[in-house]
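Residue numbers (the working numbering), protein chains in the order written: chain A, 1 to 109; chain B, 1 to 221.
Calculated directly from the structure, the hints in this document are not laboratory data.
Some clues are possibly wrong.
Per the computed footprint, the stretches of chain B lying under chain A, defined by three or more beta-carbons under 8 Å from a beta-carbon of chain A, are [said to hold, decoys possible]:
id: 1; region: 18-24
id: 2; region: 59-68
Taking lysine to any residue and the SDA-like style, the derived pairs with C-alpha atoms no more than 25 Å apart in a straight line are [said to hold, decoys possible]:
id: 3; chain 1: B; residue 1: 122; chain 2: A; residue 2: 27
id: 4; chain 1: A; residue 1: 57; chain 2: B; residue 2: 217
id: 5; chain 1: B; residue 1: 219; chain 2: B; residue 2: 182
id: 6; chain 1: A; residue 1: 24; chain 2: B; residue 2: 45
id: 7; chain 1: B; residue 1: 122; chain 2: A; residue 2: 11
id: 8; chain 1: B; residue 1: 133; chain 2: B; residue 2: 96
id: 9; chain 1: B; residue 1: 154; chain 2: B; residue 2: 131
id: 10; chain 1: A; residue 1: 24; chain 2: B; residue 2: 3
id: 11; chain 1: B; residue 1: 181; chain 2: A; residue 2: 11
id: 12; chain 1: B; residue 1: 79; chain 2: B; residue 2: 173
id: 13; chain 1: B; residue 1: 122; chain 2: A; residue 2: 60
id: 14; chain 1: A; residue 1: 24; chain 2: B; residue 2: 176
id: 15; chain 1: B; residue 1: 79; chain 2: B; residue 2: 154
id: 16; chain 1: B; residue 1: 181; chain 2: B; residue 2: 45
id: 17; chain 1: A; residue 1: 57; chain 2: B; residue 2: 97
id: 18; chain 1: B; residue 1: 154; chain 2: B; residue 2: 217
id: 19; chain 1: A; residue 1: 57; chain 2: B; residue 2: 182
id: 20; chain 1: B; residue 1: 79; chain 2: A; residue 2: 31
id: 21; chain 1: B; residue 1: 154; chain 2: B; residue 2: 221
All C-beta atoms in this analysis are idealised placements derived from N, C-alpha and C, irrespective of residue type, glycine included.
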Amino acid sequence: MERWLSELRPGERGVVVRVVGERKLRRRILDMGIVSGTEIEVVRVAPLGDPVEFRLKGYELSLRRAEAENVLVHVGGSESSKTAVPLGVEAAKSVESQTKTLKDGRGRS
Amino acid sequence: MIKVALVGNPNVGKTVIFNSLTGARQHVGNWPGVTIEKKVGRCTHHGVDMEIVDLPGTYSLTARSLDELIARNYIVEEKPDVVVDIVDASNLERNMYLTLLLLELEAKVVVALNMMDIAASKGYEVDAGMLSKLLGVPVVPCVAIHGEGIEELKDAIVEAARQKRRHATFHFGEEIEAAIKRIEAILSRCEELSRRYPLRWLAVKLLEGDESVEELVSKSI
């Protein structure tokens with residue numbers, strides 16, 4: 001099931017599917033490591049519901065709810081694991097191909 | 001005199017490394033026109049003089065914040081001989097993003113893999129040799145607060161300064177690479193831009209819609 005990151009509650013996790021929104025904000029979100037295929041978990045929510053702290057790539061990041069509304073994630077459920085796996089595989093593949101490129105590229109430098 | 005720039009994400013021990021490299025031989029000023037601190041220090045290693053500039057801590061090199069812009073402009077415009085990218089070994093995935101951006105800038109990068117002790121305490125074994133192979137740049141493991149790896153880092157800086165400038169090696173896939181090539185070809189007609197900037201980097205930034213690069217290119221063409 002796909003949901004917006006802003007809808008998740010503490011303890012819930014998902015895999016980023018897509019980041020939308022205005023160019024600058026989208027760019028910023030991507031820069032912070034929220035890219036498709038990234039696993040992200042809600043750690044806690046501030047008393048008035050904003051901001052929200054997330055954990056991803058081994059670090060914690062706080063976002064405003066309005067910012068988190070631009071991130072679509074795929075969350076648990078029975079069929080979710082099927083979809084989550086290909087995403088992970090895809091990410092691994094992309095890392096692999098990038099690594100290869102880096103290796104190939106060394107010769108050129 | 002070798003010009004060395006220190007970059008890294010916030011809280012990776014950049015200042016500790018700056019202090020261990022320069023000792024008391026440093027002075028603090030400001031970047032021209034802004035109230036962001038500029039720290040410059042000196043260091044002599046095996047008879048080689050180095051001027052070391054501590055750039056603001058940053059996660060990225062877009063032109064969005066002043067810190068990032070200062071770091072990026074320094075690397076692009078001043079072309080330091082060596083850029084030391086200080087990386088938190090206990091948080092590699094997060095830190096590698098900036099490393100790739102630096103490689104894209106075609107800087108001569110030396111990676112200082114700091115906080116190896118914390119990485120070990122988290123149960124991570126980081127293979128510095130393999131990382132160096134994958135990135136195509138020297139990687140020096142350190143525990144800066146205990147002074148470990150600092151001499152090796154100085155060696156690596158001196159050695160890297162002697163090497164030729166490297167070229168970007170990140171491949172974006174056929175479709176985007178074709179677009180990059182087309183833009184590069186157009187940009188290469190401008191002598192001024194070709195002399196001052198890595199054209200591939202400009203092309204990539206234009207595709208990303210980076211406003212400060214758009215402005216720079218439109219002014220020059």
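Going straight from one Cα to the other, do residue 122 (chain B) and residue 27 (chain A) come out at no more than 25 Å? With Cα atoms ~31 Å apart, residue 122 (chain B) and residue 27 (chain A) exceed 25 Å; violated.
How about the region 59-68 of chain B: do at least three of its residues have a C-beta closer than 8 Å to a C-beta of chain A? It holds: at least three residues are needed, and the region 59-68 of chain B offers 4 whose Cβ sits within less than 8 Å of chain A.
Is the straight-line distance between the alpha-carbon of residue 154 (chain B) and that of residue 221 (chain B) 25 Å or less? Violated, because 41 Å separates the two Cα atoms, which is more than 25 Å.
If you draw a straight line from the CA of residue 181 (chain B) to the CA of residue 11 (chain A), is it 25 Å or shorter? violated, 45 Å
Taking 8 Å as the C-beta cutoff, is the stated coverage of the region 18-24 of chain B by chain A satisfied by three or more residues? violated (count 0)
With a cut-off of 25 Å on the C-alpha distance, tell me whether residue 79 (chain B) and residue 173 (chain B) pass. violated, 28 Å
Run the distance test for residue 57 (chain A) versus residue 182 (chain B): straight-line Cα separation, threshold 25 Å. violated, 35 Å
25 Å limit on alpha-carbon distance, applied to hinted pair residue 122 (chain B) and residue 60 (chain A): holds, 16 Å
Straight-line Cα separation of residue 57 (chain A) and residue 97 (chain B) no greater than 25 Å? holds, 11 Å
Assess, step by step, whether the Cα of residue 133 (chain B) is no farther than 25 Å from the Cα of residue 96 (chain B), and give holds or violated. Between residue 133 (chain B) and residue 96 (chain B) the Cα gap is close to 14 Å, so the pair holds against 25 Å.
Between residue 24 (chain A) and residue 176 (chain B), does the CA-CA distance stay at or below 25 Å? holds, 21 Å
Given pair status - residue 217 (chain B), residue 57 (chain A), alpha carbons within 25 Å: Status violated; Cα separation ~35 Å.
Against the hints set out earlier in the document, violations occur for numbers 1, 3, 4, 6, 10, 11, 12, 16, 18, 19, 21.
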